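Enquirer: Sequence:
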Amino acid sequence: MKQILPITTLVAASLLTACQTTPTTTSKVAPIYGPSNPTKEQAAKARVKYYGAAIELKPEKEKQYRELHANVWPEVKTAIRKANIRNYNIYLGEIRGKKYLFSQFEYIGTNPDKDFGSIAKDPTTKNKWWPITDACQQIIQGTPKGKQWMDLEQLMHLD
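Offset between the sequence shown (1-based) and this note's numbering: plus 11.
Just so you know, not all the hints are guaranteed correct.
Computed cross-link-like contacts, SDA-like style, restricted to lysine to any residue with a CA-CA straight-line distance of at most 20 Å [claimed, not checked]:
no.: 1; residue 1: Lys-56; residue 2: Glu-117
no.: 2; residue 1: Lys-139; residue 2: His-80
no.: 3; residue 1: Lys-88; residue 2: Glu-71
no.: 4; residue 1: Lys-72; residue 2: Lys-110
no.: 5; residue 1: Lys-109; residue 2: Trp-160
no.: 6; residue 1: Lys-110; residue 2: Asn-100
no.: 7; residue 1: Lys-110; residue 2: Tyr-44
no.: 8; residue 1: Lys-137; residue 2: Ser-114
no.: 9; residue 1: Lys-60; residue 2: Ile-143
no.: 10; residue 1: Lys-69; residue 2: Lys-139
no.: 11; residue 1: Lys-93; residue 2: Phe-127
no.: 12; residue 1: Lys-110; residue 2: Lys-56
no.: 13; residue 1: Lys-93; residue 2: Asn-122
no.: 14; residue 1: Lys-88; residue 2: Lys-39
no.: 15; residue 1: Lys-56; residue 2: Asn-95
no.: 16; residue 1: Lys-56; residue 2: Tyr-44
no.: 17; residue 1: Lys-39; residue 2: Lys-132
no.: 18; residue 1: Lys-60; residue 2: Lys-139
no.: 19; residue 1: Lys-132; residue 2: Trp-160
no.: 20; residue 1: Lys-158; residue 2: Val-59
no.: 21; residue 1: Lys-137; residue 2: Trp-160
no.: 22; residue 1: Lys-125; residue 2: His-80
no.: 23; residue 1: Lys-39; residue 2: Lys-56
no.: 24; residue 1: Lys-88; residue 2: Lys-69
no.: 25; residue 1: Lys-72; residue 2: Trp-141
no.: 26; residue 1: Lys-132; residue 2: Lys-109
no.: 27; residue 1: Lys-93; residue 2: His-80
no.: 28; residue 1: Lys-39; residue 2: Met-161
Label-pair ranges, simulated between beta-carbon atoms [to be verified]:
no.: 29; residue 1: Gly-120; residue 2: Pro-155; range: 33 to 41 Å
no.: 30; residue 1: Lys-137; residue 2: Ile-101; range: 15 to 23 Å
no.: 31; residue 1: Glu-71; residue 2: Ser-114; range: 19 to 27 Å
no.: 32; residue 1: Thr-121; residue 2: Leu-169; range: 17 to 25 Å
no.: 33; residue 1: Pro-155; residue 2: Asn-48; range: 27 to 35 Å
no.: 34; residue 1: Pro-155; residue 2: Leu-79; range: 24 to 32 Å
no.: 35; residue 1: Lys-74; residue 2: Tyr-44; range: 22 to 30 Å
no.: 36; residue 1: Lys-137; residue 2: Leu-169; range: 34 to 42 Å
no.: 37; residue 1: Lys-69; residue 2: Gln-165; range: 25 to 33 Å
no.: 38; residue 1: Val-40; residue 2: Lys-125; range: 15 to 23 Å
no.: 39; residue 1: Leu-169; residue 2: Lys-125; range: 27 to 35 Å
no.: 40; residue 1: Ile-150; residue 2: Ala-55; range: 24 to 32 Å
If you're looking for bench data, these hints aren't it; they were derived computationally from the structure.
Keep in mind it's a predicted model, so treat the numbers as computed, not measured.
Don't be surprised by glycine CBs; every beta carbon is placed ideally from N, CA and C.
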């Protein structure tokens with residue numbers, strides 16, 4: 012029987028394979044678009060939009076973070092659903108001795124700024140959930156100022 016590896020194993024393995032190089036300078040490679048990686052314009056026209064992000068997990072807070080996400084509060088789940096977010100996943104992976112959280116979700120609305128902003132207006136999420144979860148996280152260097160999670164660029168999508 013074929014073994015299917017968990018996503019965290021695949022992410023960690025892909026980061027530590029032949030594509031890995033020792034960074035000597037910061038270089039940016041331009042996106043390459045094709046049938047399995049739509050342009051931003053094509054992605055914007057799609058009915059479902061996909062988002063991914065990453066953040067470091069403080070090791071001393073891992074148990075608390077796991078407990079919270081084993082039973083997400085009903086008010087938080089409602090705020091996420093009202094924001095037109097579906098199929099929301101958070102993965103945990105360890106890379107070079109540090110633990111990272113990787114989130115992925117589908118967005119089915121038409122105004123992400125408004126919808127995502129509505130979550131920040133939910134009193135339970137804003138005043139209770141985020142203060143606890145944010146204290147478990149360490150912002151990754153290079154994350155834009157004012158953001159908690161670092162956005163990930165989508166390189167491939169297959170249905």
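Enquirer: Next, verify each hint and record whether it holds.
Expert: Verification of the hints:
Restraint check: the Cα-Cα separation between Lys-56 and Glu-117 comes to about 14 Å, which is no more than 20 Å; the hinted pair holds. Between Lys-139 and His-80, the direct Cα distance comes to roughly 14 Å. Compliance with the 20 Å bound is thereby established for this hinted pair. Simply put, Lys-88 and Glu-71 have alpha-carbon atoms about 25 Å apart, too far for the 20 Å limit, and the pair is violated. Under the criterion of a C-alpha separation no larger than 20 Å, the hint pairing Lys-72 with Lys-110 is consistent with the structure, at around 11 Å.
Annotation: proposed proximity of Lys-109 to Trp-160 holds, straight-line Cα distance about 16 Å (limit 20 Å). For the proposed pair Lys-110 and Asn-100, the alpha carbon gap of about 16 Å is at most 20 Å, so the pair holds. For the suggested pair Lys-110 and Tyr-44, the alpha carbons sit about 31 Å apart, so the restraint of at most 20 Å is broken. Straight-line distance between C-alpha atoms of Lys-137 and Ser-114 comes to about 19 Å, which keeps the hinted pair within the 20 Å bound.
For the suggested pair Lys-60 and Ile-143, the alpha carbons sit about 28 Å apart, so the restraint of at most 20 Å is broken. With a CA separation close to 19 Å, the supplied pair Lys-69 and Lys-139 stays within the 20 Å bound. For the suggested pair Lys-93 and Phe-127, the alpha carbons sit about 9 Å apart, so the restraint of at most 20 Å is met. Restraint check for Lys-110 and Lys-56: not satisfied, since their Cα atoms lie roughly 35 Å apart, outside the 20 Å limit.
Taking the CA atoms of Lys-93 and Asn-122, the gap is about 12 Å. The hint holds against a cut of 20 Å. Our distance criterion of 20 Å between C-alpha atoms is broken by Lys-88 and Lys-39, whose separation comes to about 37 Å. For the hint linking Lys-56 to Asn-95, the alpha-carbon distance of about 16 Å falls within 20 Å, and the restraint holds. Straight-line distance between C-alpha atoms of Lys-56 and Tyr-44 comes to about 15 Å, which keeps the hinted pair within the 20 Å bound.
Under the criterion of a C-alpha separation no larger than 20 Å, the hint pairing Lys-39 with Lys-132 is inconsistent with the structure, at around 36 Å. At roughly 28 Å between alpha-carbon atoms, Lys-60 and Lys-139 are farther apart than 20 Å, so this suggested pair is violated. Taking the CA atoms of Lys-132 and Trp-160, the gap is near 18 Å; set against the 20 Å cutoff, the hint holds. For a cut-off of 20 Å, the pair hint linking Lys-158 to Val-59 is broken: about 23 Å separates their Cα positions.
Under the criterion of a C-alpha separation no larger than 20 Å, the hint pairing Lys-137 with Trp-160 is consistent with the structure, at around 15 Å. Distance restraint check for Lys-125 and His-80: the Cα-Cα separation of roughly 25 Å exceeds the 20 Å cut-off, and the hinted pair is therefore not satisfied. The hinted pair formed by Lys-39 and Lys-56 fails the criterion: a straight-line CA distance of about 26 Å is larger than 20 Å. Taken as a hint, the Lys-88 and Lys-69 pair is broken in the structure, with Cα atoms around 24 Å apart against an allowance of 20 Å.
Restraint check for Lys-72 and Trp-141: the C-alpha separation of about 14 Å stays at or below 20 Å, so the hint holds. Between Lys-132 and Lys-109, the direct Cα distance comes to roughly 32 Å. Violation of the 20 Å bound is thereby established for this hinted pair. Using a Cα cut-off of 20 Å, the hinted pair Lys-93 and His-80 holds, with the two alpha carbons roughly 19 Å apart. Distance restraint check for Lys-39 and Met-161: the Cα-Cα separation of roughly 16 Å lies within the 20 Å cut-off, and the hinted pair is therefore satisfied.
A C-beta distance of roughly 22 Å is found between Gly-120 and Pro-155, which places it outside the suggested range of 33 to 41 Å. At about 19 Å, the beta-carbon gap between Lys-137 and Ile-101 stays in the expected band of 15 to 23 Å. For Glu-71 paired with Ser-114, a C-beta distance near 21 Å keeps the hint of 19 to 27 Å intact. Between Thr-121 and Leu-169 the beta carbon distance is about 24 Å. The supplied range of 17 to 25 Å therefore holds.
Checked against the given bound of 27 to 35 Å, the beta carbons of Pro-155 and Asn-48, roughly 22 Å apart, lie outside it. In this structure the supplied range 24 to 32 Å holds for Pro-155 paired with Leu-79, their Cβ-Cβ distance being about 25 Å. With their beta carbons about 42 Å apart, Lys-74 and Tyr-44 fall outside the hinted range of 22 to 30 Å. The hinted window of 34 to 42 Å between Lys-137 and Leu-169 holds, with their beta carbons roughly 35 Å apart.
Judged by the Cβ atoms, the range 25 to 33 Å given for Lys-69 and Gln-165 holds: they are separated by roughly 27 Å. Taking the beta carbon of each, Val-40 and Lys-125 are about 33 Å apart, not inside 15 to 23 Å as hinted. The beta-carbon spacing between Leu-169 and Lys-125, approximately 29 Å, falls within the hinted interval of 27 to 35 Å. Between Ile-150 and Ala-55 the C-beta distance comes to about 27 Å, which sits within the given range of 24 to 32 Å.
The structure shown violates the earlier hints numbered 3, 7, 9, 12, 14, 17, 18, 20, 22, 23, 24, 26, 29, 33, 35, 38.
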